[in-house]
Amino acid sequence: MLTHSLNIERLPWLIDDPARERELFKAAKLNNKQFFSIAKELSLHQSSMNDIGTVSRRLTKYYNNLEDKERKRNVKIAFLSNTTIQLAIEMFALSSLRHGLEVETMCLEYDQASIACLSKNKKLSGFAPDFIVVAFDYHFFEGGSFEDKLQHFQNLRDGISKNYNAQVLFQNLTAPPESLFGSYDVLSKESWPGKIAVVNDAVNNFCKEYGDSLVDINGLVSRIGAEKWFDREQWFAHKLPFHLSFAPIYCDIICRIISAIKGKSSKCLVLDLDNTVWGGIIGDDGMGGIVIGQGNSRGEAHLDFQRFALSLRERGIMLAVCSKNTDEVAREPFKSHPDMLLKEEHITVFQANWKDKASNIKAIAKGLNIGLDSLVFADDNPMERAHVRAALPEVSVPELGNDPANYTWLISAAGYFESISFSAEDQIRAQAYDAEAKRLEVKEQYGNDGDYLESLGMKIRFAEFDELNRPRITQLINKTNQFNLTTRRYTENEVKTFEEDPNYFTLQARLSDRFGDSGMIAVVIAKKVSLNCLELDSWLMSCRVLGRKIEEAMMQYIVENAKATGINKLLATYIPTAKNSMVAGHYEGLGFKNKSGNEKDLADKDSTYWTFDIDSYESKDLPLEIIAK
Amino acid sequence: MDNSEILTKLQPVFQEVFDEDDLIVTPQMTADDVDEWDSLSNVRLMISIEVEFGIKVKASEVANLSHVGLLVDLISKKLNQI
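Residue numbers (this note's numbering), protein chains in the order written: chain F, 1 to 629; chain U, 1 to 82.
Please keep in mind that the hints were generated in silico from the structure rather than gathered at the bench.
These numbers come from a predicted model, not from an experiment.
Cβ coordinates follow ideal geometry from the N, Cα and C atoms, glycine included.
Heads up, a few of these hints could be off.
[Said to hold, decoys possible] Listed below are the simulated DMTMM-like cross-link pairs for lysine to aspartate or glutamate, each with C-alpha atoms no more than 25 Å apart in a straight line:
| no. | chain 1 | residue 1 | chain 2 | residue 2 |
| --- | --- | --- | --- | --- |
| 1 | F | LYS343 | F | ASP380 |
| 2 | F | LYS61 | U | ASP33 |
| 3 | U | LYS9 | F | ASP17 |
[As the list claims (entries may be wrong)] Among chain F residues calculated to face chain U with C-beta under 8 Å, some are:
| no. | residue |
| --- | --- |
| 4 | GLN86 |
| 5 | LEU87 |
| 6 | ALA237 |
| 7 | HIS238 |
| 8 | LEU244 |
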C-alpha cells in the first residue's frame with residue numbers, strides 16, 4: 001500500500017532547499033541584470049505563495065520594460081472567468097519559467113467575462129492573446145433554469161470562436177461540497193454532481209468540436225479535496241474561486257498544457273539503477289541481494305516504479321539508464337533477474353560506467369537526438385541530483401527523496417510528460433527512436449561510413465506511384481522542405497493524374513534495415529518531354545535518412561528505367577528556397593552538368609539547370625539492396 | 001503575544017505582500033500610505049496574516065479597519081481566542 005504525506009499544492013517534486021530559496025528570493029529583489037536568470041533558478045524551488053507572487057509581479061514589470069523585439073517571444077494568455085481569478089494568475093509568470101515559457105497574462109473582471117465571450121472586448125482583443133483559458137466555475141450555473149444556463153454556456157463558447165483567434169484551454173468544473181440528497185446526489189439530475197456531470201460532458205464536446213485543450217481542474221480538486229479547495233469565506237467576500245494556497249499548482253497545471261501544445265513536454269525518463277529501479281546496490285549486493293517485488297514493501301515499491309516507467313514507454317516516452325556501475329553488472333538484472341519488469345529492450349540508451357552522470361546524460365540526449373530540456377532524471381541520491389542540476393540546469397530533476405513508495409507519485413504529479421493527444425505515431429515513437437539510437441551506436445563503432453552503411457543491411461524498395469500509397473506520397477510532397485529540389489506542391493488528385501499518365505515516370509522509395517522499417521522516405525516525379533528526354537519535376541527525400549547513399553541508389557534506378565524506355569537525356573532544375581540549400585549541389589554530386597545561363601532561365605535567375613547524358617552513367621557499388629517492382 | 005510583538009511580526013508580512021523592503025509598519029498606518037495597497041492586495045494581505053498567525057479572519061471583521069492599529073487589536077483578539 002502506497003502512503004505519502006506529500007501535498008500536491010507544495011509541488012514537492014521541486015527542489016527542497018529553503019536556504020537557497022531565501023538567497024535567490026533576496027537576490028531577485030535587487031532588480032539587476034541577473035534578475036531573469038535568478039528568477040529562472042528560483043522557479044525550480046519549492047517556494048511560498050508570497051515569494052512566488054512577489055517575484056512573478058516583478059517578472060511582469062520586467063517584461064513590460066523589455067524592448068518590443070525581445071517581448072515578441074512571450075506567450076500571452078488571457079483568462080475568462082466568472083470568478084476573481086486575478087490573484088491566482090498573478091503567480092503565473094514565475095511558474096511558466098520552469099516550463100521553458102515566458103508568459104504574460106491578463107484577465108477581465110468577473111462580471112465582464114460572459115459579455116466578453118459574446119461580443120468583442122477591446123481590452124482582450126488588444127492584448128491579442130495566443131491562448132484563452134476559460135475558467136468558469138459552478139457558480140455560473142447557480143439559480144434559474146439549468147437548461148437556459150447550459151445554452152448560455154454553449155453560446156459563450158461559440159462567441160469565443162467568433163470574436164477571438166486564440167487556442168482555447170477549457171477548464172472543466174467541480175461540484176461544490178454541498179449535498180442535496182446525500183448519496184442519492186450521484187444518481188439525481190437536480191443535485192450539483194448531477195448538473196456538473198452534464199456541464200463537463202459539454203466541456204468534453206467543446207474539446208472534440210473546437211479542438212480545445214481540456215484543463216482537468218476536477219481531477220486536481222479530487223486529489224486535493226473539495227473541502228480544502230473551496231474557501232467559502234473568500235468566495236463570499238471577494239469571489240475567489242479557490243483558496244489562494246492552491247494558486248501555484250493551478251498555474252503549474254495550465255503551464256504544462258501550454259508546454260505540451262508547444263511540443264515542449266519531456267520525452268525521456270532517465271533512470272538511475274541502485275535504489276531507484278531496484279532496492280540495494282547491484283555491485284555490492286549482487287543479483288541475490290537486490291530487492292524487487294518479493295512481497296515486501298520496499299521491493300513492491302520499486303516494482304511499481306518499474307511498472308510506471310514501462311507504462312510511460314508504452315505511451316511513447318523513452319527510457320534511458322544512467323548508472324555508476326560497470327555495464328555488464330548493471331545489465332545483468334535486466335537480462336536475468338526473475339522479478340525485473342524492465343528488460344534491456346525497454347531501455348533506448350543504456351549508460352552504465354564510472355563517468356560523472358552529467359556527461360552520461362549529455363550522451364543520452366545526443367544518442368536520442370533530443371534537447372537536454374526534454375529529459376527527466378530520476379535518482380534517489382541527493383548528491384547526484386545536485387550534481388546534475390548544477391551541471392545541466394535544463395534537465396528536470398525531481399526531488400525524488402529516497403522512499404521508493406513515492407517515486408511514481410512524484411514523477412506523475414509533476415506532469416513532466418504532459419500530452420494533449422495520443423497518436424499511432426506516438427505509439428511507435430519509442431521503437432523508431434530505439435532503432436535510430438542503435439544505428440548511432442553502431443556508427444560510432446565503425447571507423448568509416450562505408451563499413452557502417454554496409455553493416456546496416458539496408459534494403460530499398462522502388463515502385464511507381466499507386467493508389468494505396470497516394471496519401472502518404474502526397475503528405476511527403478507537401479511537408480518535405482529541406483531535401484526538396486523544386487518544392488512543388490501537389491494535391492492528392494494531381495498525384496493521381498501523375499499515376500495514370502503514361503508520359504510520367506513516378507517513383508516512391510521505402511527503406512528498411514536490420515534495425516527497423518523507415519517506411520516511405522523519397523519521391524520522384526518526372527515527365528517525358530520528348531521521345532528521348534526525361535525532365536525531373538520533383539525529387540524529395542526525408543531528412544531522417546541522409547547520408548546513406550539513397551540518392552545514388554535512386555539515380556541508378558532512374559537511369560536503368562530510362563535506358564529501358566529509350567530515354568538518353570535527363571533534365572533537372574534546382575529551385576532555391578529558404579530551407580533547401582542543402583541540395584544545391586545534389587545534381588552536381590550525381591554527375592549532372594550545369595547548364596544554367598540559358599535564355600529560358602531569365603524567369604528565375606537563382607535557379608540552376610542541369611542535364612545528364614544517360615550513356616555517361618557509371619554504375620557504383622552501393623551499400624543497399626535494391627528491390628524494384 | 002502583546003501588541004508590539006504582533007506589530008513586529010506584521011512587519012515582514014507587509015514588506016513581502018507590498019514588495020517594499022524598507023516598509024515600516026506603524027499603528028497609525030493606513031492603506032493610503034502604501035503604494036500597492038488596493039483591494040486585491042488587501043486580500044493577499046489578509047490571507048498572509050491568516051497563514052502567519054494561524055488565525056481565521058472574516059471579511060466583515062476586516063471591512064471597517066481604518067488603520068493598522070485596529071488590525072493589531074483584531075489579531076490580538078483572535079490569538080487570545082485560540
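query = When the hints from earlier in the document are held up against this structure, which numbers fail?
reply = Structure breaks no hint.
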